[in-house]
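Chemist: Note that the protein sequences, when read in sequence, are chains A and B. Each residue of the first sequence is one higher than the last, beginning at 1 in the working numbering. Each residue of the second sequence is one higher than the last, beginning at 1 in the working numbering.
Heads up, a few of these hints could be off.
In this list, chains with the same sequence are indistinguishable; a pair is considered to hold if it fits within one copy or across any two.
No more than 16 angstroms apart at the CA atoms, straight line, and that leaves these computed lysine to aspartate or glutamate pairs for EDC-like [said to hold, decoys possible]:
id: 1; residue 1: K6; residue 2: E313
id: 2; residue 1: K129; residue 2: D166
id: 3; residue 1: K248; residue 2: D276
id: 4; residue 1: K130; residue 2: D245
No lab work stands behind these hints, which were simulated from the structure alone.
There are 2 protein chains.
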Amino acid sequence: MGSVWKNSRVMKLFAIQTPIVQAGMVYVSGGKLAAAAANSGALGLIGAGSFKPAELHDQIIKAKSLTNAPFGVNLPLLYHGVEEQIDIALKQGVRIFFTSAGSPKKYTGFLKDKGCVVVHVTSSPELAKKCEEAGVDAVVAEGFEAGGHNGRDEITTMVLIPQVVDTVKIPVIAAGGIGDGRGILAAMALGASGVQIGSRYAATVESSAHDNFKNAIVKAGPGDTMLAMKGLVPVRLLKNKFYHDIAKLELSGADNEIIKAHLGKGRARQGMLGGDLIEGELEIGQVSGMIKSVLTCQELMNCFVDEYQKARERI
Amino acid sequence: MGSVWKNSRVMKLFAIQTPIVQAGMVYVSGGKLAAAAANSGALGLIGAGSFKPAELHDQIIKAKSLTNAPFGVNLPLLYHGVEEQIDIALKQGVRIFFTSAGSPKKYTGFLKDKGCVVVHVTSSPELAKKCEEAGVDAVVAEGFEAGGHNGRDEITTMVLIPQVVDTVKIPVIAAGGIGDGRGILAAMALGASGVQIGSRYAATVESSAHDNFKNAIVKAGPGDTMLAMKGLVPVRLLKNKFYHDIAKLELSGADNEIIKAHLGKGRARQGMLGGDLIEGELEIGQVSGMIKSVLTCQELMNCFVDEYQKARERI
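Same shape as in the complex, but just chain A (with noise of 0.2 angstroms):
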């Protein structure tokens, strides 16, 4: 496997085989996938936005079980209880932090002092130069056709991650639309030093997704996701019930508010873990669309180093 990737500034960054992060997603990447994840040479993320402390401790106690290999913690800062999660994964050793949703200049100082590597989540150029003067060690550029959470200027990873590279000195990592080792060699041609993948572990046989679900994505065609939610925070969704309803309130000029009761509690752990097909919530990238088969993680990293190489050989 060594001679197929380039030794590039990702994988030093993290000591890891390959230059792919696993993302970390709500109700999807438990400390099974995150393990798993890195048995096969990638960085695996535990999702730390579904889980109370309590859980991600259980979750990364887990994950320590099943591997040797480094995996870290994503943590979505916009949900309670951040604080202590990150406490817990420090005192279990974590030396991982992926952060998303919030300013990266909130933890990353108090990260650094700790020993670790700190990654942020950035959907524009602007953003990734204020998360390279929070003192981050890489960013994460993801782009509109990225499951889940999305940024509100709709910039797709052709290109943001030129834009990217040329705003910043720190590695970028590309995300958004790789599912395959043809993504994984046009994200390096356009300049990122790794690769973050999350719908394709999505449809993984370690993903902690329904299996409702995981046989959903498989079905997906390419136009079966859109961005909804653009009033709130935009989330890429599969084209359920729970979508066209919310869609048509949007359509139809209804205010937040109306669409925030329509939404509820609840919808994404109802349709992501409870696999409710019809009224939960199922966030998903485009790439979705290109997702034919369950594969374990080790199966589906040889997949990658394959298309990789063939795609390489090609030009």
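Fit chain B to the known structure of chain A by using the hints.
Modeler: Same frame as chain A, but now just chain B:
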């Protein structure tokens, strides 16, 4: 130059020296731009959409007077007078046609019978398949980040290209978000055998866009375009007063008739050709955020070659 570009199916198809197509664009790409692009080794295209038949005739004559290299005509099928335009182009010896915004079945057979190379523009794998069945020689697969008229599914270049490549056997020309050599290489990594570049050519010396518009492209930042008029025909615009007025109407839930009335007639001409940056419609791609200069087509080609080579060495 022959040593940089791997001879691709697209280069063979058009008998050109590079895998680059200069997009046919309304009010931007007349005979002067098409000829200059052709002289630099790209395939030049005259954008017929904004020309009356007699004007198209003059633009073809102009292009022929400026180059001996092959060039073609782009025909958006949604305008009146398309058949007259085809007739004029054929009589002037044009044998390369790019068609868009209509059914590929309509003219492909007729043009193929006249010995033409026919390419149709698509924004989804499904339509790409229909194009192939209609007998076209290649497809342009154009992503959400592209300027001007755009697909309803909002599929980005990063995820569109591999899916189209996996769907059809004919060559795929990637478009949308490509503005430098890194983007060209990324498109090739995704499986394309050529690229179509629009916005970057709009800001060339030989483009017929108004200088005000060219300067606005150079000044545009990463998040300065947005897809608008989704209820009519979605179009990507630079965010000026005209755009904000339309966006406000859309957000309020205004129906299409109200938006049409506000839109009025001739707004694209007013903006792109007339230079009215306030009330004019300025169609441009997201990649405008990374365009920092107005260059000649030959200078631009030199940049593409240099950037492509450097990116390929890097990976």
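Chemist: Pop the pair K248 and D276 into one bin, within, between, both or neither, using alpha-carbon distances up to 16 angstroms.
Modeler: For K248 and D276, neither the intra-copy (20 angstroms) nor the inter-copy (35 angstroms) Cα distance is at most 16 angstroms.
Chemist: Since the copies are identical, ignore which copy is meant and state whether K129 and D166 lie within 16 angstroms (CA to CA) inside a copy, between copies, both or neither.
Modeler: Result: close within a single copy only, 10 angstroms intra versus 37 angstroms inter.
Chemist: Within a copy, between copies, both or neither: where do K130 and D245 come within 16 angstroms Cα-Cα?
Modeler: Neither: 37 angstroms inside a chain and 31 angstroms across chains, both beyond 16 angstroms.
Chemist: Quick one: K6 to E313, C-alpha cut-off 16 angstroms, is that within a copy, between copies, both, or neither?
Modeler: both (14 angstroms within a copy, 11 angstroms between copies)
Checked against the numbered hints listed earlier, the structure breaks hints 3, 4; every other hint is satisfied.
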